[in-house]
Amino acid sequence: MKLGVFELTDCGGCALNFLFLYERLFDVLEFYEIEEFHMTTSLEGRHFDVGLVTGTVSSHRDLEVLREARNRSDYLIALGTCATHGCLQASVELPLKEKLKAVYGDEGNPMRALDPKPIVEYVTVDLAIPGCPYDKNELFQALIDIAKGIEPVRPDYPVCLECKLNEYECVLVKKGLPCLGPITLGGCNAACPRSGLGCIGCRGPLPGEVNPAGEFEVLKGLGYDEEYIMRKFKTFARWEP
Amino acid sequence: MIIETREFTRVEGNGKAEIVIEGNEVKDVRVKIVEGPRFFELLTLGRDFWDVPDLEARICAICYLSHSVASVLAIERALGVEVPEETRLLRELGLIGELIESHALHLYLLVAPDLFGYPDAIRLATKHGELVKEGIALKAFGNRIRDLIGGREIHGINVKPGGFGRWPGREELEAIEREAKALLTVAKRAVRLFSGIGEYGGRAELFVATDGYLTGDSLVSNVERNFHYFERIEERPLVYSFAKQSLYNGKPFLVGSLARLLLKAESLTPTAKRLFEENRGRLEAGWVSYNNLAQAIELVYALERAGEIAKTLLDKGFEPENVPVEAGDGEGIGYVEAPRGVLVHHYRIAGGKIEYSNIITPTAFNHAMMEGALLWEARNLYGNAPEDELLRRLEETVRAFDPCISCSVHFVRG
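Chains A and B supply the protein sequences, listed in that same order. Per the numbering used here, residue 1 is the first one in the first sequence, and the count goes up by one each step. Per the numbering used here, residue 1 is the first one in the second sequence, and the count goes up by one each step.
The following block holds chain B by itself, in its conformation from the complex (with noise of 0.2 Å):
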């Protein structure tokens, strides 16, 4: 017997999951990604490297900035460009905004609904009209930086190879500077409130994020440092589902939050070190479900970021002055963390054009992680709860990862 579950709600882009019972037990989950395919490596190929960065962006909406910066990253790579201090700043911090605006979308208009047992915020607003005013200020500011940094909420195409179209000015600075404090207080509440959070979606025991904290050279995990995603990292095909399968050593593995701050808290900002800290011994445990606690946990860290950034450059200055890019030749990965996780866009230039592209999103890398995890659910409840029940918590099981769909369904045989 197989029960499939309808489309997942409150997550973006087009799943479902089927449960596999065999003599009255539940053999095996699968999740089917059912989101069309998109062909984005294809898309890249011959395209002169300066156009490509926006077209990649392209691949998800509420985390462009993302794929912008890692499209870049690995240009400037292969291209052997240097950019200064400033340039990378002002990149992270177009990053950080990125992580406001999607955790609070999620924690706030997809998660909180669950926790008050409500079906979505706009209902959820009728009663806890304050909760999902502040995680749309949250969300709002996320992009404000957005609209700054990339040059749009969406799709901005002002992260360029060498630096940017247009530079923001030191009074945009000083009003990030000074919202990111404001809103500090808002951020902290959330994690008080997603602190109470059920333990549920199993336990995961492998690890990966990049080596800094939003960017890197190369990847870690909680067994090894320092490697690259095609020296362990196995993808494959499904005959189920538009998105591939990956796995780290053979196992599935976690991206995300939660792997961040167990692999990287000691670059946590002082407020939100406080809160891993306080919080530690449950996030250590692994559950799925805390990456939703983490996600609070890093709202925090990012309003605090994002003004320390925006400090060091009002009293360092800088020159808005970009690095010239010559077209040639050569290979590079830009290694980065979308707000759900470890992103990589791996190129190979010849004459200025791209003529390899291997791109694996966060929601790849999770893609076996949450098969394992609705499997354990799913072991879990059948038999011991109605089945909608089960259901139900299959979907907020998904929810918890916090899932990209779109990002997931474009990939290129290597």
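Next up, chain A with everything else stripped away, as it sits in the complex (with noise of 0.2 Å):
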């Protein structure tokens, strides 16, 4: 099968994250040809069985690269919170004109800069595996299963779930620290608790059956100011409570 990676703006983390399945990236090679991945290869692709799509779309050139992927992709995965949610860039909220203005000067937008958006609101996906970054277990999965025409698993538990497992201490409970974990989408094994640091909610919002109002009024009985609290709640993805 084809595969072929395209970075709009981000971090590089998304694209990086795949070759860090060191060995096992040999594994995904015995279904999988690259090609196109600009990160790794200096060959460039036509048609793709599946496309990966990292990053915000931030610029026309963004955008084009993006319908270019769509349409030249069979199954298109969304990877990583910028693609499934925005994340980090996209959470400044001004005009796009303020923000040019107060990073470029008074130079217009020469570049074509769009709003930092997710892919999703532009094309739709056939899969979307959030994260900052995403666990590469998750994706490595993922490929697999499409290879052997399964549908790839989605999580659909909070990051407490996974806490809980590994048996960490609390530290929304025991330590007062702001933790998104009850509401946050799980997959990451609960990285920052493990660290002793309450979750970022760098996977998004949980969907379905979720309590963000509960966890809200959680933070100010432990005597966060209500602008800072929905300000972690907008860092990632822009969540209402």
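A couple of the hints might just be wrong.
To be verified - With a straight-line cut-off of 27 Å between C-alpha atoms, the simulated DSS-like cross-links for lysine-lysine are:
id, chain 1, residue 1, chain 2, residue 2
1, B, Lys-251, B, Lys-264
2, A, Lys-164, A, Lys-234
3, B, Lys-188, B, Lys-133
4, A, Lys-164, A, Lys-175
5, B, Lys-353, A, Lys-99
6, A, Lys-97, B, Lys-353
7, B, Lys-181, A, Lys-99
8, B, Lys-160, B, Lys-27
9, A, Lys-175, B, Lys-160
10, A, Lys-101, B, Lys-32
11, A, Lys-117, B, Lys-273
12, B, Lys-127, B, Lys-188
13, A, Lys-234, B, Lys-160
14, B, Lys-273, A, Lys-174
15, A, Lys-2, A, Lys-97
16, A, Lys-175, A, Lys-148
17, B, Lys-311, B, Lys-273
18, B, Lys-160, A, Lys-2
19, B, Lys-353, A, Lys-234
20, B, Lys-353, A, Lys-220
21, A, Lys-174, B, Lys-160
22, A, Lys-2, B, Lys-127
23, B, Lys-133, A, Lys-2
24, B, Lys-188, B, Lys-251
25, B, Lys-32, A, Lys-97
26, A, Lys-101, B, Lys-353
27, A, Lys-174, A, Lys-220
28, B, Lys-16, A, Lys-97
29, A, Lys-234, A, Lys-220
30, A, Lys-99, B, Lys-32
31, B, Lys-273, B, Lys-181
32, B, Lys-160, A, Lys-164
33, A, Lys-148, A, Lys-164
34, A, Lys-234, A, Lys-117
35, A, Lys-117, A, Lys-101
36, A, Lys-101, A, Lys-234
37, B, Lys-188, A, Lys-117
38, A, Lys-101, B, Lys-16
39, B, Lys-27, B, Lys-16
40, A, Lys-175, B, Lys-133
The hints are simulated quantities; they were obtained by calculation from the structure and are not laboratory data.
Take the two lone chains, each set in its own frame, and fit them into one complex as the hints suggest.
Structure, rendered in structure tokens:
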């Protein structure tokens, strides 16, 4: 099968994380041929069985790359929180013109920047894997599943569950740290509570029956002010309590 | 006439170049960073200082820990926090891990295919599997250190003002000491391999680095010592690029491995110092392509230094204790050597909230030099070599800088 990896505007981590599969990268290569992936190869492909897109759409160039990737891929995966929710770079709530002026001065918009948005706002995708960065095991499993004709399993539990399974001390209850674990989609194996720190919500909101309003009240009860909590909620995904 | 390159491959982020030709002569080269703007300084304004290093880490995945550490150092300076020696050593160990991960990625997976004439490391592995596997082993080791100190391979949040969320244990440090020793042979082979690289990209004349090997209180160059970035380095926006350009006393300059070796060779570990001396003449000539050789020598340094740090901490023993940090007012600059060069985080904090933030990344410091190097190559090859060879060489020249394009596109005016 043919694989293409496309990078829009981001930190490069979601493309890099794929290489961090190390030896297991060779297992992926048993099923896939990398046809295009500009961080690692000088080759360019035409048609892809699976396309991975990372980053936000932040310029007209990004939008063109995304449309090409969608048109040329049978199965398209939005990879990482930039692609699925916009992540940090979409969280600055100012009109684009003001942001550009603050950064580049009065030159207008010669490079045709767009307000950073997740790719799912422009095209339909077949699978979304969030995470800043996403868990590389999740991507590995998804690619193997697709190659075998199985629809990948999507996690549907909060970070809290993985924290409990690892028997980490609850940083919210025991230390009073602002932890978004109860309302954040799991799949990272509770990376932040593992370090004794609060979950920062990088995988975005847990869909379905979840209670952000309750989380809001808990944090308020711990003494955090409303603006601080709202900024935390809106940092990686535009969360509405 | 303008010749436009395709978007650079085997580099991090999205960029390309155009070569301006007038009357059969190369007049100018522009490096166009087309990666979209990322607004990181705007994002941090008004934020609680405690949350900021975790957000800044997301500027770059290849060197997230450099951003975390630079951010933490700036915050600690602003709030008057002094951390003990063991905290400093562990942070340095994290930066060493990042250097290993980043240099191994660059040299083995991005540059080595050029040396052997392959489009990528995957195809290279069909003939030179051992070489690619050695690179991957080094990269994985660097990442194990990042995971241990930083909390994750990418974008961990373990490095905090005053100390760490979780401190490493004795067994973990013993494993690092052991593995660093075992991989040293591999790194020494890398130096032999990359000492065969050609001379291209023109010769740099001005070099800038931090005053310590991986962190510092100020900057040094080959013409003066101990200055602050805002005293000498001017940034300007360009209409054709999302990255700004920096000039030192009005001239382009080089940051990164080659600059570090030339300015701070006396700090190297024994084997790295010997390898530097063996190659000194060539490195001092300043060819941009020798940045690759300098990176290979730094791999040796990093492995030796990782072992040294682990041993020091194990011999001395340490208590995992964080220094309390109170929200307050102040201003501070964190200077760090990211794998590809000087990184500056500069904040003003009022009542524990960030009210001014300025970040300059290595690729932004190198941007003007990169254009100079491409201009040199284009003038050298235009009319003397087929166009595809010219374009290939330009791409190799850009690659020698190990640019990190995503990092470079988020400045705010100071």
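Results of checking the hints against the structure:
Note on Lys-251/B and Lys-264/B: the hinted pairing holds, with a Cα-Cα distance of about 22 Å set against a maximum of 27 Å. The suggested pairing of Lys-164/A with Lys-234/A holds, with an alpha-carbon distance near 25 Å, which does not exceed 27 Å. As the CA atoms of Lys-188/B and Lys-133/B are separated by approximately 15 Å, the hinted pair is consistent with the 27 Å bound. Of the pairs offered as hints, the one joining Lys-164/A and Lys-175/A holds, with about 16 Å between alpha carbons and a cut-off of 27 Å not exceeded.
Note on Lys-353/B and Lys-99/A: the hinted pairing holds, with a Cα-Cα distance of about 20 Å set against a maximum of 27 Å. Restraint check for Lys-97/A and Lys-353/B: satisfied, since their Cα atoms lie roughly 25 Å apart, inside the 27 Å limit. Between Lys-181/B and Lys-99/A the CA atoms are separated by roughly 49 Å; this puts the pair beyond 27 Å, and the hint is violated. For the suggested pair Lys-160/B and Lys-27/B, the alpha carbons sit about 48 Å apart, so the restraint of at most 27 Å is broken.
Of the supplied pair hints, the one linking Lys-175/A and Lys-160/B holds, its CA atoms being roughly 16 Å apart against a limit of 27 Å. For the hint linking Lys-101/A to Lys-32/B, the alpha-carbon distance of about 19 Å falls within 27 Å, and the restraint holds. For the given pair, Lys-117/A sits about 48 Å from Lys-273/B by alpha-carbon distance, which is inconsistent with the 27 Å threshold. Taken as a hint, the Lys-127/B and Lys-188/B pair is honoured in the structure, with Cα atoms around 21 Å apart against an allowance of 27 Å.
For the hint linking Lys-234/A to Lys-160/B, the alpha-carbon distance of about 22 Å falls within 27 Å, and the restraint holds. Taking the CA atoms of Lys-273/B and Lys-174/A, the gap is about 49 Å. The hint is violated against a cut of 27 Å. The hinted pair formed by Lys-2/A and Lys-97/A fails the criterion: a straight-line CA distance of about 40 Å is larger than 27 Å. For the hint linking Lys-175/A to Lys-148/A, the alpha-carbon distance of about 45 Å lies beyond 27 Å, and the restraint is violated.
Restraint check for Lys-311/B and Lys-273/B: satisfied, since their Cα atoms lie roughly 20 Å apart, inside the 27 Å limit. The hinted pair formed by Lys-160/B and Lys-2/A fails the criterion: a straight-line CA distance of about 42 Å is larger than 27 Å. Distance hint between Lys-353/B and Lys-234/A is fulfilled; the C-alpha atoms sit about 18 Å from each other, no more than 27 Å. For the suggested pair Lys-353/B and Lys-220/A, the alpha carbons sit about 19 Å apart, so the restraint of at most 27 Å is met.
At most 27 Å may separate the alpha-carbon atoms for a hinted pair to count; Lys-174/A and Lys-160/B meet this at roughly 19 Å. The hinted pair formed by Lys-2/A and Lys-127/B meets the criterion: a straight-line CA distance of about 22 Å does not exceed 27 Å. At most 27 Å may separate the alpha-carbon atoms for a hinted pair to count; Lys-133/B and Lys-2/A meet this at roughly 23 Å. Restraint check for Lys-188/B and Lys-251/B: not satisfied, since their Cα atoms lie roughly 35 Å apart, outside the 27 Å limit.
Restraint check for Lys-32/B and Lys-97/A: the C-alpha separation of about 21 Å stays at or below 27 Å, so the hint holds. Between Lys-101/A and Lys-353/B the alpha-carbon distance is near 23 Å, which keeps this suggested pair within the 27 Å criterion. Of the supplied pair hints, the one linking Lys-174/A and Lys-220/A holds, its CA atoms being roughly 16 Å apart against a limit of 27 Å. Only pairs whose Cα atoms come within 27 Å are accepted, and Lys-16/B paired with Lys-97/A is accepted, the gap being roughly 25 Å.
Only pairs whose Cα atoms come within 27 Å are accepted, and Lys-234/A paired with Lys-220/A is accepted, the gap being roughly 16 Å. Between the alpha carbons of Lys-99/A and Lys-32/B the distance comes to roughly 20 Å, so the proposed pair stays at or under 27 Å and holds. A threshold of 27 Å between alpha carbons decides the hint, and for Lys-273/B with Lys-181/B the separation of about 17 Å falls inside it, so the pair holds. Between Lys-160/B and Lys-164/A the alpha-carbon distance is near 24 Å, which keeps this suggested pair within the 27 Å criterion.
Under the criterion of a C-alpha separation no larger than 27 Å, the hint pairing Lys-148/A with Lys-164/A is inconsistent with the structure, at around 32 Å. A threshold of 27 Å between alpha carbons decides the hint, and for Lys-234/A with Lys-117/A the separation of about 14 Å falls inside it, so the pair holds. Between Lys-117/A and Lys-101/A the CA atoms are separated by roughly 19 Å; this keeps the pair inside 27 Å, and the hint holds. Between the alpha carbons of Lys-101/A and Lys-234/A the distance comes to roughly 23 Å, so the proposed pair stays at or under 27 Å and holds.
For a cut-off of 27 Å, the pair hint linking Lys-188/B to Lys-117/A is broken: about 45 Å separates their Cα positions. For the suggested pair Lys-101/A and Lys-16/B, the alpha carbons sit about 24 Å apart, so the restraint of at most 27 Å is met. Distance restraint check for Lys-27/B and Lys-16/B: the Cα-Cα separation of roughly 17 Å lies within the 27 Å cut-off, and the hinted pair is therefore satisfied. Taking the CA atoms of Lys-175/A and Lys-133/B, the gap is near 43 Å; set against the 27 Å cutoff, the hint is violated.
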